[in-house]
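K.L.:
Each chain, letter by letter, is given below.
2 protein chains.
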Amino acid sequence: MSTTLKFTVLLLALGFCRGLLDNYIDEEETEAPDAQASKFGSLWPLPQKVQISEVSFKLTSSSFKIVDAKESSAGPSCSLLQDAYRRYYEYMFGSTKKLGLSKSRRTGPSELTELQVWITSPDSECDDYPSVTSDESCESLLFLILIRLIQISMSGLETFSQLLYEDEYGAKSVNATTISDFPRFAHRGILLDSSRHFLPIKVILANLETMAMNKFNVFHWHIVDDQSFPYLSRTFPQLSQQGAYHPYTHVYTPADVKMVIEFARLRGIRVIPEFDTPGHTQSWGKGQKDLLTPCYSGSKPSGTFGPINPILNTTYDFMNQFFKEISTVFPDAYVHLGGDEVDFTCPIQTFSSSWNSTGFKQDYSKLESFYIQRLLDIVTTTNKGYMIWQEVFDNGVKLKPDTVVHVWIGGGSNEEMEKVTAAGYTTILSAPWYLDLISYAQDWQKYYKVEPLNFNGTEEQKKLVIGGEACLWGEYVDATNLTPRLWPRASAVAERLWSAKDVTDINDAFNRLSMHRCRMVERGIPAEPLFSSYCPREYKGI
Amino acid sequence: MSTTLKFTVLLLALGFCRGLLDNYIDEEETEAPDAQASKFGSLWPLPQKVQISEVSFKLTSSSFKIVDAKESSAGPSCSLLQDAYRRYYEYMFGSTKKLGLSKSRRTGPSELTELQVWITSPDSECDDYPSVTSDESCESLLFLILIRLIQISMSGLETFSQLLYEDEYGAKSVNATTISDFPRFAHRGILLDSSRHFLPIKVILANLETMAMNKFNVFHWHIVDDQSFPYLSRTFPQLSQQGAYHPYTHVYTPADVKMVIEFARLRGIRVIPEFDTPGHTQSWGKGQKDLLTPCYSGSKPSGTFGPINPILNTTYDFMNQFFKEISTVFPDAYVHLGGDEVDFTCPIQTFSSSWNSTGFKQDYSKLESFYIQRLLDIVTTTNKGYMIWQEVFDNGVKLKPDTVVHVWIGGGSNEEMEKVTAAGYTTILSAPWYLDLISYAQDWQKYYKVEPLNFNGTEEQKKLVIGGEACLWGEYVDATNLTPRLWPRASAVAERLWSAKDVTDINDAFNRLSMHRCRMVERGIPAEPLFSSYCPREYKGI
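Each protein sequence line maps, in turn, to chains A and B. If you read the first sequence in UniProt numbering, its first letter stands for residue 1, the second for the next number, and so on. If you read the second sequence in UniProt numbering, its first letter stands for residue 1, the second for the next number, and so on.
Calculated directly from the structure, the hints in this document are not laboratory data. A virtual CB, placed ideally from N, CA and C, is assigned to each residue, including glycine. A hint or two may mislead.
Now the stretches of chain A that chain B is said to cover, found in silico as 3 or more residues with beta-carbon under 8 Å [claimed, not checked]:
hint	segment
1	235-249
2	261-275
3	435-444
Here are the computed lysine-lysine pairs in the DSBU-like style, where the Cα-Cα straight-line distance is at most 30 Å [as the list claims (entries may be wrong)]:
hint	chain 1	residue 1	chain 2	residue 2
4	A	Lys-366	A	Lys-419
5	A	Lys-70	A	Lys-58
6	B	Lys-324	B	Lys-398
7	B	Lys-258	A	Lys-540
8	B	Lys-449	B	Lys-462
9	B	Lys-540	A	Lys-258
10	B	Lys-384	B	Lys-366
11	B	Lys-463	B	Lys-449
12	B	Lys-398	B	Lys-289
13	A	Lys-540	B	Lys-540
14	A	Lys-202	A	Lys-300
15	A	Lys-65	A	Lys-384
16	A	Lys-202	B	Lys-202
17	A	Lys-289	A	Lys-419
18	B	Lys-49	B	Lys-446
19	B	Lys-324	B	Lys-289
20	A	Lys-446	B	Lys-446
21	A	Lys-202	B	Lys-366
22	A	Lys-419	A	Lys-49
23	B	Lys-366	A	Lys-540
24	B	Lys-462	B	Lys-384
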């Protein structure tokens, strides 16, 4: 589905950070885009419509306020907004203290002193969680300066902060600007994998923060897999006690999970956990007896295990309890159930009576479908919708109409998108955006050039594509390198999913993205460089 | 040349960090090596001979001392050693304070309380700079516990620290071990590029620190290039004033350079600066009039510039003064003069009298040789040896017998090595070790499998290969991502250049390197993972 957002800010700024890119040298490498300031400054992702005037205003940290407009439905008890005001004030001015002497200072005629935020959402307490139907709209009404947020959304504040620049004397400035904006796709996600390497909470929070800077709104938490089970389940604590890399230092406690969800909520980000079955479950078997299928060598168990055992009733009892817990721990309306890459190389005990009773004999893929069908039914009873990887659809499992099919095979445009949407299912695309598959040079351009709707299909089919996700699988990333590897490469995906279809100018993107990446660096995020260049304020870490 | 080092430590330890890798899961990816503890623990690079006994000793932070042996030639005024003692004490025990109560504690029978360091070098003040002929030897004489360093070298202390492990109760332990060690190659370098991106001093120092952990002993500082000129020259300050990305925030002051050199010296690392000419010099032209060749469009200057202008006398006056300064600022006996990739696409003013007077007309490569020859003569008068990229040799420039030719073209084994050594020149290899050319999965294995002497040639020729360098060119790295991108990928090169030729077991290397990388992480270095795994203490940053 496609969310229509209206967002206008009367503001800002050409001449934006001039000089930042002046020192770029033309490279002998011909693929290097021309480095010049974009007429859209450092806006990223590019709003749907932008008009930047030449009229500039100054802002001072001592006078500038972000306040609730008096018409706003959000009360002072809306902690989400208060939190966002502080965050964006700090982004704009740093966390420096106001100088006492400027208190009595008169404000100048061309000074912007106030950003009024007008919320029209009925949720005045702002306690809701974001959802796929959240309207991230905002609209400006007055000249100096008001943002109207149709619902609580961070994107308007982020855009405002991106309009700030420093003039030649270092004064914070903003030009009068009209912006009319809405995201092209409602589902704009990042997949992180905390199983192949454990990701400390600090790393997850920093990347949620960066997602908000790029207007991503879904954190797809691939939380467990073969390698480890760091999710501490209240119902089955032995899963992480046995299956995590370490039962204390390498687990996510209930408090951790709660913190991640709240931190995300405050930034307009949904958290969709993935508990991938029946494959990718080696770590589950360590703490839960009989959950995995024993492999056989002749007539004897070989000591190794295959996927979740689909023929025991205990399996479904377990799943029932487990997903009941998951449905209460994770507030989002969706849970991702995986279902990809089931390994059929485990020889099962074909002659046991229990296997024969299933009637499947050696038809593994039928067995898999049998399992998945029952799992989907279980999850349906928890009142959650589900997302699944494309294989589940391919294998003909009966899906609820609101199922989201996640396409990951086949690179750029592909027939799978056509098939899934032709069958009437909502779809998200990840196939061209496996950011773990690194390569030399500016691979962000490859991600940027993808057109998600580039498949054969009717308009109705295209409307079923609600977005996509950039995936950073965890084989080769952990706390040491995840953040610079993800940013700004994922930013390319962010713009593709947010901006209009015709925003495809690689040169303009290069120039805006270079400045956007320096802004991320200035906000403390080690976003790596696109090419030979510098940031006025380099990263302070190592 | 090949340095013969003898190094024996009577020490340590099988059973080393057991459990660290126990939780590795066999991967479906077949290329993943088997994860098991190596019988050599976490030693990296592997010493030439190691015998680890089963006899273990405990160490406590309160009792353990690193002291000068009474026979040592190094006095207490050897600040280099004192600095190393502190550094390695902190690596071994953290920077935790001694507990007062353990002061009066008796030491147990199987406790190691002292590491005696016996220096036999005549340089008792330890003020020398390391050089290519430095003998990094050490030899142990007594059982519990003495390292004899033939000359001041950090490698013995590093090896000792790598022998420490924690037993099941977390007690620091070390097993009685005999090590006899020497590096296979004398020149083991890392090239960092501070021109395409400015590298803050903090980043350079952190990587020098990590180089010492990997027994690299040469920092090849590719300090300037087309993109920027961050070296602040006392003689020609306008070079960085005009040519740096920023004249204050993106330059290396004389104090910065001095600090880098001293920090490196304390770790047994030489600093060889590269001032690459005549190509790669666009940034030089900004602050030095007439230094670059003006390109022509027909009979008029086009406004762009080519390489250093070889036909003006002012060019050589400049180089004379500039390299006089360089020879005093950088103490190493060698300076790298570049000479690679000269761009011949700049049309020169072929009809001018000055060009015609050179007699070269349009033969650019002869002109280049003419320039280089004069430059080498200039540098020779400063009493420095020089290193040059292979093109200078290929172009038939007359070189001093002690010239080091740096081979960078052609990947793994190649004919260039054969040619250069056949001509009798000392050679170092970088061609297979361009670490900036990233690719998916475990590319460290590719670097590890290189055999530097795998070319046709006599024994005499092979002896001319004094080592190699891992190069991390700067197009795509800066402070945000350099360190995790370099380590532990460069560690693969470190072992290839230090250990015996037959140390080629990929499985064993994987297991030792996995532990070595966790040790780097524990020491605060964001060294990235080799594959799905965990470290007992994960990186604390983002």
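K.L.:
Now look at each hint and say whether the structure bears it out.
P.N.:
Hints, verified against the model:
no.: 1; hint: 235-249; in the structure: holds (count 3)
no.: 2; hint: 261-275; in the structure: violated (count 0)
no.: 3; hint: 435-444; in the structure: holds (count 6)
no.: 4; hint: Lys-366/A <-> Lys-419/A; in the structure: 21 Å, holds
no.: 5; hint: Lys-70/A <-> Lys-58/A; in the structure: 24 Å, holds
no.: 6; hint: Lys-324/B <-> Lys-398/B; in the structure: 21 Å, holds
no.: 7; hint: Lys-258/B <-> Lys-540/A; in the structure: 21 Å, holds
no.: 8; hint: Lys-449/B <-> Lys-462/B; in the structure: 18 Å, holds
no.: 9; hint: Lys-540/B <-> Lys-258/A; in the structure: 21 Å, holds
no.: 10; hint: Lys-384/B <-> Lys-366/B; in the structure: 25 Å, holds
no.: 11; hint: Lys-463/B <-> Lys-449/B; in the structure: 20 Å, holds
no.: 12; hint: Lys-398/B <-> Lys-289/B; in the structure: 29 Å, holds
no.: 13; hint: Lys-540/A <-> Lys-540/B; in the structure: 15 Å, holds
no.: 14; hint: Lys-202/A <-> Lys-300/A; in the structure: 46 Å, violated
no.: 15; hint: Lys-65/A <-> Lys-384/A; in the structure: 41 Å, violated
no.: 16; hint: Lys-202/A <-> Lys-202/B; in the structure: 23 Å, holds
no.: 17; hint: Lys-289/A <-> Lys-419/A; in the structure: 39 Å, violated
no.: 18; hint: Lys-49/B <-> Lys-446/B; in the structure: 24 Å, holds
no.: 19; hint: Lys-324/B <-> Lys-289/B; in the structure: 20 Å, holds
no.: 20; hint: Lys-446/A <-> Lys-446/B; in the structure: 26 Å, holds
no.: 21; hint: Lys-202/A <-> Lys-366/B; in the structure: 58 Å, violated
no.: 22; hint: Lys-419/A <-> Lys-49/A; in the structure: 33 Å, violated
no.: 23; hint: Lys-366/B <-> Lys-540/A; in the structure: 46 Å, violated
no.: 24; hint: Lys-462/B <-> Lys-384/B; in the structure: 25 Å, holds
Going through the hint list in order, the structure does not satisfy hints 2, 14, 15, 17, 21, 22 and 23.
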